[in-house]
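Colleague: Now for the letters of each chain:
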Amino acid sequence: MAVPTKLGSLADFAKGGVEVIDDDPRHYAFSNIFEVAAKSRPYEKVCVGKNIKNVLEAIRAEGTSPWYTASHDEAALVMDGEVEIHLVKLDQPAAREDQEGTTMLEGQPTGRKMGRIVARRGHMALLPKGSAYRFYADKPGVILFQTLLGPLTIERWGEICQR
Amino acid sequence: MAQAHEVNEQGYKIFKLGDFTFRRDEYFAHIGWPGGVHSISVENFLRALMRDVAWGFFYGTVSFDAVFGTTNHYGTVEVFVGLRNEAYWRNNKHFVQTFDSNQTTGIFKAILEDWTNEGFDPFAAPEETRIAFGPKHGSNRAAIERMRVTAKRMVGADGDATLRNDANGYKVNRQFAGYQPEKLEVHPEPGFENEVHAFDFFDYLMRSDVTWNPSVVSAVKHNLICATTEEYMLPVIHGNDRVEWFLQLSDQIDWLVYDGKTGKPRARVVAKAGDICAMPADIQHQGISPKRSMLLVWENGDSALPDLYASGKLKPYPVEF
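Going line by line, the protein sequences match chains A and B.
Just so we're aligned, residue 1 is where the first sequence starts under this note's numbering, counting upward by one.
Just so we're aligned, residue 1 is where the second sequence starts under this note's numbering, counting upward by one.
Isolated chain B, as found in the complex (with noise of 0.2 Å):
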């Protein structure tokens, strides 16, 4: 049963999860379950908890750390201390519950909505935000509760996902200011102004007031381009429970990959503009961005893939050459 406790002396609250107890301080996030505890930043925390509550848990395994983290199952999600480590699982220190998954979105809300103290957006890239420290002071709804996109054909399409404008309140990121956009000509012949749809996909891109949140752009059936900006470090290691592939839109973003099961590094991918590599399905990934990139995420949202990649009837890379 989720739940919150009493307050405490620095103004916050504590949540309990099952077994598990969540508490923070001035500085740090402290995770508790019957075998530890364990402390995150809780800038990191934050960061990455906003993304684990916006992606509905995502695909696969967030973990906000290399112990802590979510595996999604889809109506309900593991907990998980140590699962991904194997220092952790190997000498049996690991600890996993499951719960129902909105269960778990609405303690998790609670936390977010309780610990982000006015100024500070967890979406935010570090330079674009107040920090998250201190003692409670405030609250920040307004960041925490911004709605996901996610087009059903495309975004400016008659009906669908609505493009960004300074008019309302999406304008250019600093880092991108120097982009001059190109001239877009869309002539439809009449009665087919619904049908003939095109938009600058780099102009909406660039107009992102959040990093490392993909949204969905274009979709083709399961076939779906979600689009993203990037810039420090993504706050999560994705372990995602199906391919997904990366195209570099702009700028360059180096890929951290660890194994999905132990943790341990796999490789280093350096990606640049017009670069496209495909993420394995066994591993977890982290990327960092030292310039605000665009980012193209290319998700299979077939929701029958991680049962066919986590019984091995799929193998964990896209292609054999």
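Isolated chain A (complex conformation) (with noise of 0.2 Å):
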């Protein structure tokens, strides 16, 4: 009989750890994106992961988000709950071709709708560089965020990893 497949989600997890024999488990940067998202203000974006300026955020979709854009492509993952995404091509960049990371737009979006996406959990969406996106989720979910360190990033290593 198979073994079934255990996911995790923010009602539902249980976290693993660093068994250290001869080594810093800080070295490791250990958490768990379902720890961070419940312990986060919605639409937070909190790294998990730090490449130099690659970065992986761990997100709460709480309600309806600011609009954001960026001057390259990033992607969100869902890990848990059902997140609806607009997208909007706008006339005009909102951010600078050299700013990297998430940008927040103040206010509403200038351009042509371009449509949505209603993501559930394992589900990932492309933001394509040149667009305008919102999130809104009815109830808590989890997103993983792929893109750049930006001003937008929140690193709070020593309270989210093993120590």
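Hints were generated in silico from the structure; no laboratory data involved.
Honestly, I wouldn't trust all of these hints.
No more than 25 Å apart at the CA atoms, straight line, and that leaves these computed lysine-lysine pairs for DSS-like [stated by the list, open to error]:
1) A:K39 with A:K15
2) A:K6 with B:K171
3) A:K15 with B:K272
4) A:K129 with B:K152
5) B:K272 with A:K6
6) B:K291 with A:K6
7) A:K6 with B:K152
8) A:K53 with B:K152
Each of the two chains sits in its own frame; use the hints to bring them together as a complex.
Modeller: Next comes the structure, spelled out in structure tokens:
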């Protein structure tokens, strides 16, 4: 009989850890994205992975987010819940070409509606360069976000990682 | 000069690469060099060789076991004995030769083709393949010539790597049969059909027909999300030349971590669904996955990194706190 596949969620996750033999657990920056999101405010972009200027962020999706954009592609992987993503093709880029990471827009974006995506657990959405996007989640969910280090990225390693 | 020599009494070709000699019998691969011989179960050897070839020697070092392996220098490759094992190099028992990468790939592919018997799939979980052992009988080119997927932006996006489904031969793996996919809705406005894109990442991954073979799913410049399904044991010990990260998407993998230079144990990292952790740039790691699990491997594809880590300009771990 096949063993059931175990997934995590905000409501139900189990955490492993670093069992040290001859090392410092901080070198592994070990955390759990559901635990991070459970302790975050809606749409805080909490860095859970950093590789020089590349980042992975854990985002608690809850309610309506601000509008965002970036000078490069970004990607959102829904790890828990249901997240609606609205996309607008901007008439003019709102992020400078040399600005990396996510930029928050003031107010509503100006441009044509591109469409919307309703993503649930396990679904990945492309957030194309040159677009503006906004998230909506009726109930709390979790997004793993692929982007570059930017002004909205929050680093709180000492709070989220095993010491 | 790489070349094939005679066929032995079990029917397998004997290969040479520089001063290395590779021969197999019914159960073992035997690697010879001017200072000695090292033997590896041929099943393990072929599983490791398959990854080394498919990954183009990957990032950094691919050790087949605690003794034999390769280190990628992106154009050339070191083939070594004992270089990551303190007992060997401290006693001057190690042996290293550097070859052109294409030359080495050629001889490694030839070994794979000749030594892989009918029915044995070195990419498959042990329960999903016939055995590697015995005298030479047939071949399995279809299994060893799979193309590694590399998405340019995102799998399934316009003009990019294709999705997996029943129709193109990718069925949901037996160990994910009980998973119920969620409904994905994509509603593009007219004219944006090729720009509004999302796909079922979990479904894509659950249909993978290989194990321990990360492939690029989503790319943001050098920020590469790779995905793979894992079952049984990573058939190599990987010593990366940069920091990489693992996000466990389902089930559990335990990572056995060794020092990159000495091979001595440093840690065991237990990763459950939702856990994320870095693998420092100065370690080697090997994962075990008792049940087929989904793993997100997160890489930085910047080619400048190996020199920055090797020179000490970057610390081997990613963050300080």
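Colleague: Please go over all the hints and tell whether each is borne out by the structure.
Modeller: Tested hints:
Between K39 (chain A) and K15 (chain A), the direct Cα distance comes to roughly 15 Å. Compliance with the 25 Å bound is thereby established for this hinted pair. Distance restraint check for K6 (chain A) and K171 (chain B): the Cα-Cα separation of roughly 20 Å lies within the 25 Å cut-off, and the hinted pair is therefore satisfied. For a cut-off of 25 Å, the pair hint linking K15 (chain A) to K272 (chain B) stands: about 6 Å separates their Cα positions. The suggested pairing of K129 (chain A) with K152 (chain B) holds, with an alpha-carbon distance near 14 Å, which does not exceed 25 Å.
Our distance criterion of 25 Å between C-alpha atoms is met by K272 (chain B) and K6 (chain A), whose separation comes to about 9 Å. Between K291 (chain B) and K6 (chain A) the CA atoms are separated by roughly 10 Å; this keeps the pair inside 25 Å, and the hint holds. In summary, the hint linking K6 (chain A) to K152 (chain B) is not supported, as the alpha carbons are separated by about 30 Å, beyond the 25 Å threshold. With a CA separation close to 19 Å, the supplied pair K53 (chain A) and K152 (chain B) stays within the 25 Å bound.
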